[in-house]
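Undergrad: All chains, full assembly: derive it from the sequences and hints.
Chain order of the listed sequences is A and B.
Each residue of the first sequence is one higher than the one before, starting from 1 at the first, in this note's numbering.
Each residue of the second sequence is one higher than the one before, starting from 1001 at the first, in this note's numbering.
I should point out that these hints are in silico values taken from the structure, not numbers from a laboratory.
Where a beta carbon is used, it is the ideal one built from N, C-alpha and C, also for glycine.
Keep in mind that the hints are not guaranteed to be accurate.
[Unchecked claim] Here are the simulated DSS-like pairs of lysine-lysine, each with C-alpha atoms no more than 30 Å apart in a straight line: (1) 44/A / 9/A; (2) 94/A / 1069/B; (3) 14/A / 44/A; (4) 57/A / 1003/B.
[As the list claims (entries may be wrong)] Beyond 12 Å from chain A on every Cβ pair, some chain B residues (computed): (5) 1014; (6) 1019; (7) 1021; (8) 1060; (9) 1068; (10) 1077; (11) 1083.
[What the hints assert, rightly or not] Listed next, the stretches of chain B that the computed footprint assigns to chain A, with coverage defined by at least 3 CB atoms under 8 Å from CB atoms of chain A: (12) 1029 to 1041; (13) 1045 to 1056; (14) 1098 to 1111.
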Amino acid sequence: NAGVTQTPKFRILKIGQSMTLQCAQDMNHNYMYWYRQDPGMGLKLIYYSVGAGITDKGEVPNGYNVSRSTTEDFPLRLELAAPSQTSVYFCASKWAVGSGANVLTFGAGSRLTVL
Amino acid sequence: DAKTTQPPSMDCAEGRAANLPCNHSTISGNEYVYWYRQIHSQGPQYIIHGLKNNETNEMASLIITEDRKSSTLILPHATLRDTAVYYCIAGGTGTASKLTFGTGTRLQVTL
Chain A
1 NAGVTQTPKF
11 RILKIGQSMT
21 LQCAQDMNHN
31 YMYWYRQDPG
41 MGLKLIYYSV
51 GAGITDKGEV
61 PNGYNVSRST
71 TEDFPLRLEL
81 AAPSQTSVYF
91 CASKWAVGSG
101 ANVLTFGAGS
111 RLTVL
Chain B
1001 DAKTTQPPSM
1011 DCAEGRAANL
1021 PCNHSTISGN
1031 EYVYWYRQIH
1041 SQGPQYIIHG
1051 LKNNETNEMA
1061 SLIITEDRKS
1071 STLILPHATL
1081 RDTAVYYCIA
1091 GGTGTASKLT
1101 FGTGTRLQVT
1111 L
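TA: Have a look at this one:
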């Protein structure tokens, strides 16, 4: 199993450009998450999904959009990139039913710089 | 999630036990204690979690006080590869719950 795969690893955008960060998992996990991490800070939840076709906002959703058309993929779309979106983005997933614990598997991250 | 308090940094000599403390005085009865770590700029890695009882796995041990207001993660024989930021998270009950990652403890393992 590859686990959680994120692409690209690095990207530089100009202000106002748009792009999509890709996330794929091959563990048949039902839950998927997008976090961002600014330098020296903890992770902040952007969006999450509890299954195909279902998404919901996290703590910092403004400026982002997501979709979940398949169990495996959870892309994060940045529209009109701004310098404040310079960050490292992490995708994560888990399998959970009932009152299961929160054991997340994270991807390696995508480092985005907006100039 | 309940608020957690961790020291910003700690040092440990290689081969010695690393004991990382965490306070979570407002934790509710059904909230777990989770530990994750982040090595350099990689994605966080799950270490261990517990509810009431002490837990041990191949990576670490988790000691939770009887009143559940604090816990300690123990790496029994720290190596240089254990140098990382360690996150203590209290909460996350139920499948739809989400984990809140603070700034953690930066553990530096030295020769």
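Undergrad: Next step is simple, just say for each hint if it's right about the structure.
TA: Taking the hints in turn, this is what the structure says about them:
1. 44/A / 9/A: holds (19 Å)
2. 94/A / 1069/B: holds (27 Å)
3. 14/A / 44/A: Within the cut-off at roughly 23 Å; holds.
4. 57/A / 1003/B: holds (21 Å)
5. 1014: holds (26 Å)
6. 1019: About 22 Å separates residue 1019/B from the closest Cβ of chain A, which puts it past 12 Å; holds.
7. 1021: The claim stands: residue 1021/B keeps its Cβ more than 12 Å from every Cβ of chain A (closest is about 18 Å).
8. 1060: holds (14 Å)
9. 1068: holds (16 Å)
10. 1077: holds (24 Å)
11. 1083: holds (16 Å)
12. 1029 to 1041: holds (count 4)
13. 1045 to 1056: Contact hint for the stretch 1045 to 1056 of chain B vs chain A: holds, 3 residues under 8 Å.
14. 1098 to 1111: holds (count 7)
Comparing the model with each numbered hint stated earlier shows that all of them hold.
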